[in-house]
Amino acid sequence: MQATEARAPAATREMFYNEALGDALRLEMQRDERVIVIGEDIAEHGGAFQVTAGLLDKFGPTRIRQTPISEIGIVGAAVGAALTGLRPVVELMYVDFAGLAMDQIVNQAAQNRFMFGGQARVPMVLRTQGGSGRGNAAQHSKSLEAWFAHIAGLKLVMPSTPADAKGLLTAAIRDDNPVIFLEHKLLYRTKGPVPEGEHVVPLGQADVKRAGTDLTIVTWSREVLFSLDAAAKLADEGIAAEVVDVRTLVPLDLETILGSVRKTHRLLVVHEAIKRGGYGAEIAALVAEEAFDDLDAAPKRLAGLETPIPYAQHLEKSVVPQVDDIVRAAKELVG
Amino acid sequence: MQATEARAPAATREMFYNEALGDALRLEMQRDERVIVIGEDIAEHGGAFQVTAGLLDKFGPTRIRQTPISEIGIVGAAVGAALTGLRPVVELMYVDFAGLAMDQIVNQAAQNRFMFGGQARVPMVLRTQGGSGRGNAAQHSKSLEAWFAHIAGLKLVMPSTPADAKGLLTAAIRDDNPVIFLEHKLLYRTKGPVPEGEHVVPLGQADVKRAGTDLTIVTWSREVLFSLDAAAKLADEGIAAEVVDVRTLVPLDLETILGSVRKTHRLLVVHEAIKRGGYGAEIAALVAEEAFDDLDAAPKRLAGLETPIPYAQHLEKSVVPQVDDIVRAAKELVG
Amino acid sequence: MSVIDRATALELYRVMRTIRGFEERATQLFGENKIWGTIHSYAGEEAIAAGVCAHLRDDDWITSTHRGHGHCIAKGADLGKMFAELLGRETGYCRGRGGSMHIADTSKGNLGANGIVGGGIPIATGAALTAKQLGTDQVAVSFFGDGAVNQGTFHESLNLAAIWKLPAVYVCENNQYAESLPVKRAFAVEDIAKRAEGYGMPGMHVDGRDVRAVHAAAGEAVARARAGKGPTFIVADSYRHEGHYYGDPRKYQTKDEIEGWRKQFDPIADARAWIVADKVASAAELDGIDREIATAIDRSVAWADQGPLASPIKLPEDVYASD
Amino acid sequence: MSVIDRATALELYRVMRTIRGFEERATQLFGENKIWGTIHSYAGEEAIAAGVCAHLRDDDWITSTHRGHGHCIAKGADLGKMFAELLGRETGYCRGRGGSMHIADTSKGNLGANGIVGGGIPIATGAALTAKQLGTDQVAVSFFGDGAVNQGTFHESLNLAAIWKLPAVYVCENNQYAESLPVKRAFAVEDIAKRAEGYGMPGMHVDGRDVRAVHAAAGEAVARARAGKGPTFIVADSYRHEGHYYGDPRKYQTKDEIEGWRKQFDPIADARAWIVADKVASAAELDGIDREIATAIDRSVAWADQGPLASPIKLPEDVYASD
Ligand SMILES: Cc1ncc(C[n+]2csc(CCOP(=O)(O)OP(=O)(O)O)c2C)c(N)n1
Ligand SMILES: Cc1ncc(C[n+]2csc(CCOP(=O)(O)OP(=O)(O)O)c2C)c(N)n1
Ligand SMILES: [Mg+2]
Ligand SMILES: [Mg+2]
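Protein sequence lines correspond, in order, to chains A, B, C and D.
When we follow numbering that gives the first Met the number 0, the leftmost residue of the first sequence carries the number 0, and every step to the right adds one.
When we follow numbering that gives the first Met the number 0, the leftmost residue of the second sequence carries the number 0, and every step to the right adds one.
When we follow numbering that gives the first Met the number 0, the leftmost residue of the third sequence carries the number 0, and every step to the right adds one.
When we follow numbering that gives the first Met the number 0, the leftmost residue of the fourth sequence carries the number 0, and every step to the right adds one.
Same shape as in the complex, but just chain A (with noise of 0.2 Å):
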């Protein structure tokens, strides 16, 4: 299905990507005084990203809870609070830091409920960014999106746009299960509409962002923005992409893909970690196993080097899809 905002908002307003975050934590604290954030560097810096600006001064330190560094420690009392009467919104400043605290999201926030044969929910968002494109270098920039949809008991959040951000975190935060909310480090400075006021954009609606007939590209987060340039680059050619923003990953909106498959019958799917083991395995089996018959061509996917991110800016750029790469390999898929 298309996307269906749960209301019809009145009015928009242009905002950065983390502006539009900071507007669904401030919306949501408002609400219900049990949503609390929980991260480093979250109150007077306003966090690494800007996403907590001005909520510190609105909400006090109790409820904008600033932390040492202690990623594993931070995210158990999350799953802690979670479980007692709280809803908190754990920052962790960088994905490439879930290393540290895995086994709470997994062994714990993901399971409890399940293990626990239903008598437990564990309502937290753990928000965090990924990505390439800052120089930030192998410890700093992976995506990891793989691991958390893997991972049963999780759900799997990426906005690619300042509405969807601020529509999905609400959504997540309304969530009575554990959402993991990946941002993108070079998206929080992008800008666009974003409904003033409540905005929900429920979990687990892919968004057609570009129809297209002659081929699908479905993608997520940063990618989504290279494919959409992407997709005006080969309307210049005459070859009409429709471009496929899963945005919540985990649940999957297979149906809207497998639409988009059987009408234009060719499959490209994007994404910037690397491509072993990556998301989009799962997206071109699922499409090859439901859609064989569909499919007009091998699906085809398009990712991340099998390398480490490196530092210098064009090496950087030379391991992670580009636009001109997405317009070349949808050309191989169609021509």
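Bear in mind the hints are in silico, worked out from the structure with no lab data behind them.
Do not take every clue at face value.
Stated by the list, open to error - In silico DSS-like pairs for lysine-lysine, Cα to Cα no more than 27 Å straight-line:
#	chain 1	residue 1	chain 2	residue 2
1	A	Lys-184	D	Lys-250
2	A	Lys-57	D	Lys-254
3	C	Lys-183	B	Lys-57
4	B	Lys-316	C	Lys-33
5	D	Lys-164	D	Lys-107
6	A	Lys-274	D	Lys-313
Dock chains B, C and D with the ligands against chain A, hints included.
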């Protein structure tokens, strides 16, 4: 290519899988004094699954270095030791505990060489075990190979037989890169012929464990045994299944897989890990990409349900592919 | 040491005896192949769970460990639902999904046994944060072993609790071993409680064999927490009578050590002795309690055993909560 | 305090001055958009790296941090290759793959800067294990910030080093902040060095502004390690002159605080003062050293700047070592 052992060993002996692993450790420790084993309960107790039994007496407590319960400390110490001249083999008791140590595995071990521009080598092996089947429930039964497969800089091995266990562990210890070596808790007490003395199975070679013409079953670890049983049952019904044991997931022997699929025209990937985001998606996607025109049917995956592993025996079996499930899936694929 | 009144003394005795009885029966059922997986007996350590939980209300929280039956019982769990869980029944606390290592009873504030050593420590810390944040006077207690003290989670959690002055009590059950590793080889410091100082929190070291000592120390710590004065770290020395898990060959111990400690270290025999000697109650009264407990356990097992097997049909639906 | 001979005094001065010069130039290049990514200046903390590394041989190991230039220089790195790395050149230490946060120089025992706070601590512990295992008298030093002390890796590593009596020295650079978090809000304990006691290892607390104090403490700790007597934890109080990273708006600090500390806390000005006052060397001599260093830095930048850009062609081949 088929499995080609580096040397043709003179004699074999029936051994349990855990004995075969212990044999590899013993021989490599004798051969190279830089090889040490680090882990919990590996000394007097001989390891949770008795792989290191007897090694303490032979090599003493400095080379069989038993540790407190400090997973990230231990793995990190192994990284430091590997960088400076030892060749540590870490025993992590359950792969489920990897969540505590992923930072050192991924941000340090896997990436150090690349980040340092080639200045370093990290010759270490992380041995651990996963899988269900012993009623250990959700925190002691996971199959997490997909996490490691997605990380540039790691190699990844999952042997299914005692002979492969010995030969691949030997190769892993001799490899100059960090190798994740995943055993299965229900394989330790399986028996088979194992070459005596030095036995090396090179990394990156799949093994066709049973030849067939009607479909290709690509699988690894314990599901190899299930798939072989299923293939025997299928044979009774006139279906000839070829069973490809990938053995090393990274580097992957794609040639052998494609070769088989080009012969049988049908692919069934079977693994115990949950399907969503499992490594089976990578294999299905690769085959769909590389051998689309050779496929007579949609590539199919049979894998764990999207749930944590439950405790009770009958529940546990219900979420992980069993022999009859494989038979059924194969028949659907062929029929 | 604070004086314990008769009701408390008998209640502590009853809880300890119930735990021991539960463990004995669970061990027996395991030996009969009726229990699947692994179980870790709390026998020998009963004074700790009993002495600490005596100070807790139903709305206080605990986190427990792989060796969790004792904490669970001391926090008020139903024995039948516990046995049913071990037997894989739909009527068990976790509907057969969790087993021994994951029994939780959220109605009594038990946030679960935990198969990850040290895994419960930050969770209890978070529960204490909830109490502080919502302005209640609830307290969170984390139980864990000596082995868990060398996990990063211990360190990060105690520091967080100290800087935030959380209403938390951290209870280390030092039973001398972490699986096969003797505590002497896991620490270079003599007194584990000393670590508390590094976090700026009080540390207490008690004899975990003596339920009165545990009760007194925990009383102080819980009161401190409830009054908003911050966390405490308690180390209670103890000994596990059984191996690490059912079936442990105990190659790392001598027979003499095991027998010596077992005899010397029995909190229930000790409690019986002082209860009778101090004339709190007669041996006959205690025998009566013992019999009541035995009957309750028999009934619980019988109830559990007639429960339906856990249903596999809805497993995938149990993963996520819906609204 | 041990007396420092003239050669050592001048060498310490030279190292500190070189670090400062490097940071000033790197900052300038960053401001000119010639450096990509992030850099964290070590200005103000030079006495720590200089004082500690003065005791180390080329075959001793260090692990460093995101704020790693100082440690790298003190351990003997080539300035040209460092600048080349920042400039993304094939001639840089990491061939443009690592950048500021990952500069390593294994030929000098520098096992790398590290972008993960606390990430280097277990690695140094492992290096110390190598020395012990192979029976050499090498020593491993881990540098890290006050922020890293609340990471689980700190805890687990110090315990391992203590129980194994490893030749390791753990150096906490307490520069009063972890990004925007003041140390007072991260710890409930007054003296961070107190944590050492909990591991059964000696803790030392020194004034990190005074290179003589650092040199003396590190001398003891390194000697202890080299003699096989086990690890030491040193806390050196310090202050970073710049923001956390280049461009930090420092909203969490007042102008007064920054200016006050900067003036008060300058290890190089201090060293100059006592070197001249104690007549170890004249101001003119020190000026000469300063000029030499300035020239060396100019030359290094020029050399770096003419190096070829890092080649993307072989990136995938750099991931795995082959035989
Ligand atoms: C993180 C982690 N590492 C290792 C294990 C395996 N394991 C289970 S119990 C145990 C020993 C725990 O010792 P301690 O904390 O002292 O508790 P005790 O069993 O003595 O009650 C170990 C190593 C685990 N469950 N979790
Ligand atoms: C595990 C981890 N968490 C968070 C960060 C983000 N971060 C980078 S430096 C830093 C502060 C470090 O403080 P400290 O250890 O005191 O070192 P300093 O910067 O003061 O030298 C933080 C939080 C990180 N790099 N790694
Ligand atoms: Mg113990
Ligand atoms: Mg600092």
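query: So which hints don't hold here, by number, going up?
result: none
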